[in-house]
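Just need the whole structure built from these sequences, with the hints factored in.
Protein chains: 2
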Amino acid sequence: MHFTSKNINDLNRIKRLNLINGISGIKSANLIGTYSKSGTNLSIFSSVVHLGSDPAMLGFIMRPNSEIRRDTLENIKGNGAFTVNHIHESIIDQAHYTSAKIDSNISEFELCSLTEEYLNDFPAPYVKECQLKIGLQFVEKVDIKSNGTSMIIGEIKDIYIPEECIDDKGYIRLDRIFTVGIGGLNSYYSLKRITSLPYARKDEIPKFKNKLM
Amino acid sequence: MHFTSKNINDLNRIKRLNLINGISGIKSANLIGTYSKSGTNLSIFSSVVHLGSDPAMLGFIMRPNSEIRRDTLENIKGNGAFTVNHIHESIIDQAHYTSAKIDSNISEFELCSLTEEYLNDFPAPYVKECQLKIGLQFVEKVDIKSNGTSMIIGEIKDIYIPEECIDDKGYIRLDRIFTVGIGGLNSYYSLKRITSLPYARKDEIPKFKNKLM
Chain U
48 MHFTSKNIND LNRIKRLNLI NGISGIKSAN LIGTYSKSGT NLSIFSSVVH LGSDPAMLGF
108 IMRPNSEIRR DTLENIKGNG AFTVNHIHES IIDQAHYTSA KIDSNISEFE LCSLTEEYLN
168 DFPAPYVKEC QLKIGLQFVE KVDIKSNGTS MIIGEIKDIY IPEECIDDKG YIRLDRIFTV
228 GIGGLNSYYS LKRITSLPYA RKDEIPKFKN KLM
Chain V
48 MHFTSKNIND LNRIKRLNLI NGISGIKSAN LIGTYSKSGT NLSIFSSVVH LGSDPAMLGF
108 IMRPNSEIRR DTLENIKGNG AFTVNHIHES IIDQAHYTSA KIDSNISEFE LCSLTEEYLN
168 DFPAPYVKEC QLKIGLQFVE KVDIKSNGTS MIIGEIKDIY IPEECIDDKG YIRLDRIFTV
228 GIGGLNSYYS LKRITSLPYA RKDEIPKFKN KLM
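Residue numbers (the working numbering), protein chains in the order written: chain U, 48 to 260; chain V, 48 to 260.
Since the hints were derived computationally from the structure, they do not count as laboratory data.
Treat the hints with care, as some may be off.
The list treats identical chains as one, so a pair stands whether inside a single copy or across any two.
Stated by the list, open to error - Derived lysine-lysine pairs resembling DSS-like cross-links, with alpha carbons at most 25 angstroms apart:
hint, residue 1, residue 2
1, K175, K84
2, K254, K62
3, K192, K124
4, K204, K84
Written as structure tokens, this is what we have:
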């Protein structure tokens, strides 16, 4: 099937949303937790990406007109802190419904029966139910002119990770803690490790066969 | 296990790279193809993200000192076009080795025995072995000051997708075309769909039980 840009434009809004949200492949599944004096906020994000390891930085995309996520941004600007928490198989439903647009005087922690956790004086709530959690300090908001979205960037200050999913070399086994992935707007996938390959050196490239011939 | 920012800084370089590259969760697995008069270029990226559906836009992160990927950027700036191609289970090894640093007069297509495919006059090569392929027009390069990386942004012009993995509503089934995900720098995961949940409306939130109590 071939969609041209005209075909894509002509799709009804819902079908276009589903298609384009899913087209980049699998996406990370995280809950972002924030704090302000008027309450906490928790929201699901599928756009958290690795930006660099030294300093250790992550970013995520924020839409311009998203009311619920605006609370997240206001809170982050307020105290400069947010947490990123891996969604695992047992809390998919609870995590998904943090995306509902609710009044900002209600916390999604309460609404979705997830538990706020404060660790080592970090000024934003972690999700106690999550096994892998990251505390980040807000660093930069980068505006993307072409569509009015922004990338919110944080530097990693704390990592909490179960010992059984990380080895001596720092490799993480996402499947051992049942971290999931997101497809499109609302599909959830489990992960199964297939292989780990060595660092690709010029002189060690295998002789591949072209599989189409 | 708890890593503070001091612990992270004190890790040896390789362990820090592995840990921080894997910490955001599962990542998309794509090959980006580009063209210039002096040759084609193909490189694996785990940072392709959805930026918006109207207009349909994707972005990916480019490191400052990456020689091989600089070819990709030069080519994109040259003719304004690039392709994003989903990596599936049968071509993981070939895709992985496109990350080797090789002389820029050799094409990774040839090196890794993958096949250039030109469709509907689009001025960048698709990967014939891939089932889901996207042609994008370069729109914007956004610089991230805090660590010198950039986000390269493109607007989707063409989508090629097998009929069996997309339904009437535009939902994509990544598992039906064996699209994989990347963990860290070099681990590959297969995907299995667990569930798809409805759009989260305020009045339809289930009564969840707190699982820790």
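Status of each hint after checking the structure:
no. : hint         : result
1   : K175 to K84  : within (20 angstroms within a copy, 54 angstroms between copies)
2   : K254 to K62  : neither (42 angstroms within a copy, 29 angstroms between copies)
3   : K192 to K124 : both (20 angstroms within a copy, 18 angstroms between copies)
4   : K204 to K84  : within (22 angstroms within a copy, 45 angstroms between copies)
The structure fails hint 2 only (numbered hints given earlier).
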